[in-house]
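Visitor: Using full-length UniProt numbering, read the sequence shown as starting at 1 and increasing by one per residue.
Just so you know, these hints were derived from the structure itself, not from any lab. All C-beta atoms in this analysis are idealised placements derived from N, C-alpha and C, irrespective of residue type, glycine included. Mixed in with the good hints, there may be bad ones.
Claimed, not checked - Derived lysine-lysine pairs resembling DSBU-like cross-links, with alpha carbons at most 30 angstroms apart:
hint, residue 1, residue 2
1, Lys-282, Lys-200
2, Lys-279, Lys-178
3, Lys-336, Lys-363
4, Lys-249, Lys-214
5, Lys-298, Lys-364
6, Lys-14, Lys-249
7, Lys-249, Lys-66
8, Lys-298, Lys-354
9, Lys-252, Lys-178
10, Lys-221, Lys-151
11, Lys-338, Lys-289
Claimed, not checked - Listed next, with one range per pair, are the computed distances between beta-carbon atoms:
hint, residue 1, residue 2, range
12, Glu-405, Glu-379, 29 to 39 angstroms
13, Tyr-210, Phe-234, 25 to 35 angstroms
14, Thr-391, Lys-66, 56 to 66 angstroms
15, Asp-69, Asp-34, 34 to 44 angstroms
16, Arg-71, Met-383, 28 to 38 angstroms
17, His-403, Thr-215, 19 to 29 angstroms
18, Asp-292, Asn-177, 17 to 27 angstroms
19, Leu-182, Lys-365, 49 to 59 angstroms
20, Met-383, Glu-175, 27 to 37 angstroms
21, His-403, Gly-154, 47 to 57 angstroms
22, Lys-372, Val-147, 41 to 51 angstroms
23, Gly-30, Asp-73, 28 to 38 angstroms
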Amino acid sequence: MCENIKLGDYILNKITGVTRRDIFDLFRKGITEDNWLSIENIFYPYYGRFDIVEFLKRLYNLADLKSIDSRVDNAEEEIIMHTHNGDYPDDWIFEDERFQLFDGEDNILLDFICEVFHPEVRDENGVWERYLERINVLLKEDGYEIVATSKLSGRDVYSWKIYRIIPDMYIPFSERNKSLILNKKISVKLPNGVRYQLFKVMNEYDEIFYLTDKTNWNYTKYSSECVLEDINKFYLPKHYVNKELVEIKGFKDFQEGTSPSTVFDVIESFSRHTTEYEKFEKEINTIFKLNDINIELKSGEIHSINNIAIELDSSIRISEAGIEELIATADDLYRKGKYSYAVEKIWDAFERIKTYYYPALNKKKSAEKIIKDISFENENIEMMFDVEFKTLTDIGNNYRIRHHEINKIDISKELHYKYFYKRCLALISVLLENLQ
């Protein structure tokens with residue numbers, strides 16, 4: 001059940017039962033560490049410095065959950081009674097269907113984990129950091145990671161995000177866009193001042209990695225060395241020195257006398273070989289923006305922003321895994337010029353957002369509540385959003401948004417797909433900002 005990914009039908013459970021059980025076992029059995037002289041078993045309780053009931057109330061309305069003990073009225077009274085009596089072991093919640101930690105959607109488990117490491121919950125004197133590290137190793141295999149996103153009293157607050165899995169095969173910008181470069185369809189200038197800024201950032205992020213070869217020989221390698229190796233797999237890089245084209249021997253040679261596409265290859269490769277790729281990406285994009293260069297580094301690839309419709313504010317926290325996955329997929333498809341597929345995914349995201357308050361409310365009531373929330377009691381604004389919701393719903397029902405549908409109005413022009421995409425994403429950006 002937990003291994004199905006079916007975006008069109010709004011099922012998104014990428015975290016397998018294997019991973020879930022491994023995470024639960026960390027809290028059940030602890031972590032075994034070999035400290036050379038001895039083997040140590042360390043434990044950290046998921047409820048931190050709270051008791052179990054206090055912790056669970058941060059995530060669930062226990063008073064509204066049904067009790068499985070007929071002697072009490074609700075889950076809160078049940079848990080208090082049984083934990084105080086010692087009837088429930090600490091790990092009982094992992095299998096309790098009411099909390100959906102084993103068979104619920106991914107975001108339920110991910111939100112639970114983030115709460116475990118919240119500054120108000122975690123015990124700073126405990127070994128929570130080792131647990132966070134071990135849990136992240138497990139989650140990354142299924143496409144997620146827990147990252148620090150803000151501060152509370154100087155301490156990291158954690159959120160979850162989709163983990164960027166670096167493809168085994170690196171294909172540089174110049175290879176992916178070879179025909180466009182040859183036909184001069186890509187024209188970007190990188191003045192020496194911009195190159196200096198870009199390489200200054202890369203030098204600051206140049207990390208040293210400690211590696212072991214097949215013969216168990218230990219050696220070190222810098223990010224910049226990995227870049228040269230990556231590019232040499234595809235072509236022999238050269239640069240102009242005193243009007244003569246010569247082979248590049250070291251990373252610093254890439255800075256001057258090279259084509260812009262070669263610099264883009266370097267940036268893409270470098271982003272694969274830094275552990276702080278998000279900060280790196282942000283700094284590189286800041287340089288492009290400050291110098292009015294319509295290029296962006298996103299998810300390890302260089303793209304022209306001339307082909308970007310509109311974007312979500314990067315500070316918006318998407319707290320539901322299915323929505324985040326759909327929007328990320330739609331964005332990637334749009335950037336690649338696959339507009340019809342991008343529209344299909346962004347429409348799926350819109351339909352999923354409409355059910356934000358479902359099953360607490362039925363789907364129609366959920367949409368109505370969302371409209372009320374974003375209108376802030378302004379009747380005219382509420383009417384406007386109501387019309388927009390209905391219009392986009394009608395477009396989805398009447399036009400061939402989804403490729404498998406028949407007996408719908410065909411969309412034959414890319415221009416119209418772009419319009420549908422931009423219109424739908426504009427509404428989604430407002431909805432997500434309010435639903436944070």
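Visitor: The structure should be examined with respect to each hint, and the outcome stated for every one.
Guide: Going through the hints against the structure:
1. Our distance criterion of 30 angstroms between C-alpha atoms is met by Lys-282 and Lys-200, whose separation comes to about 14 angstroms.
2. Straight-line distance between C-alpha atoms of Lys-279 and Lys-178 comes to about 29 angstroms, which keeps the hinted pair within the 30 angstroms bound.
3. In summary, the hint linking Lys-336 to Lys-363 is not supported, as the alpha carbons are separated by about 33 angstroms, beyond the 30 angstroms threshold.
4. Distance check on the hinted pair: Lys-249 and Lys-214 sit about 26 angstroms apart at the alpha-carbon level, within 30 angstroms; holds.
5. Note on Lys-298 and Lys-364: the hinted pairing is violated, with a Cα-Cα distance of about 36 angstroms set against a maximum of 30 angstroms.
6. A C-alpha spacing of about 44 angstroms is found between Lys-14 and Lys-249, which places the hinted pair above 30 angstroms, so the restraint is violated.
7. This hinted pair does not check out: Lys-249 and Lys-66 have alpha carbons roughly 69 angstroms apart, beyond 30 angstroms.
8. Taken as a hint, the Lys-298 and Lys-354 pair is honoured in the structure, with Cα atoms around 28 angstroms apart against an allowance of 30 angstroms.
9. About 24 angstroms separates the Cα atoms of Lys-252 and Lys-178, which keeps this hinted pair within 30 angstroms; it holds.
10. Under the criterion of a C-alpha separation no larger than 30 angstroms, the hint pairing Lys-221 with Lys-151 is inconsistent with the structure, at around 33 angstroms.
11. Distance check on the hinted pair: Lys-338 and Lys-289 sit about 25 angstroms apart at the alpha-carbon level, within 30 angstroms; holds.
12. Taking the beta carbon of each, Glu-405 and Glu-379 are about 36 angstroms apart, inside 29 to 39 angstroms as hinted.
13. Against the hinted window of 25 to 35 angstroms, the Cβ-Cβ separation of Tyr-210 and Phe-234 comes to about 27 angstroms, which satisfies the hint.
14. At roughly 40 angstroms, the beta-carbon separation of Thr-391 and Lys-66 lies outside the given 56 to 66 angstroms, and the hint is violated.
15. The hint said 34 to 44 angstroms for the Cβ distance between Asp-69 and Asp-34, and at roughly 43 angstroms that hint holds.
16. For the pair Arg-71 and Met-383, the supplied restraint of 28 to 38 angstroms is violated, since their beta-carbon distance comes to about 51 angstroms.
17. At roughly 52 angstroms, the beta-carbon separation of His-403 and Thr-215 lies outside the given 19 to 29 angstroms, and the hint is violated.
18. Taking the beta carbon of each, Asp-292 and Asn-177 are about 21 angstroms apart, inside 17 to 27 angstroms as hinted.
19. Look at Leu-182 against Lys-365: about 56 angstroms separates their beta carbons, and that is inside 49 to 59 angstroms.
20. The hint said 27 to 37 angstroms for the Cβ distance between Met-383 and Glu-175, and at roughly 52 angstroms that hint is violated.
21. At roughly 50 angstroms, the beta carbons of His-403 and Gly-154 sit within the given window of 47 to 57 angstroms.
22. For the pair Lys-372 and Val-147, the supplied restraint of 41 to 51 angstroms is violated, since their beta-carbon distance comes to about 33 angstroms.
23. A beta carbon spacing of about 35 angstroms between Gly-30 and Asp-73 agrees with the range 28 to 38 angstroms that was offered as a hint.
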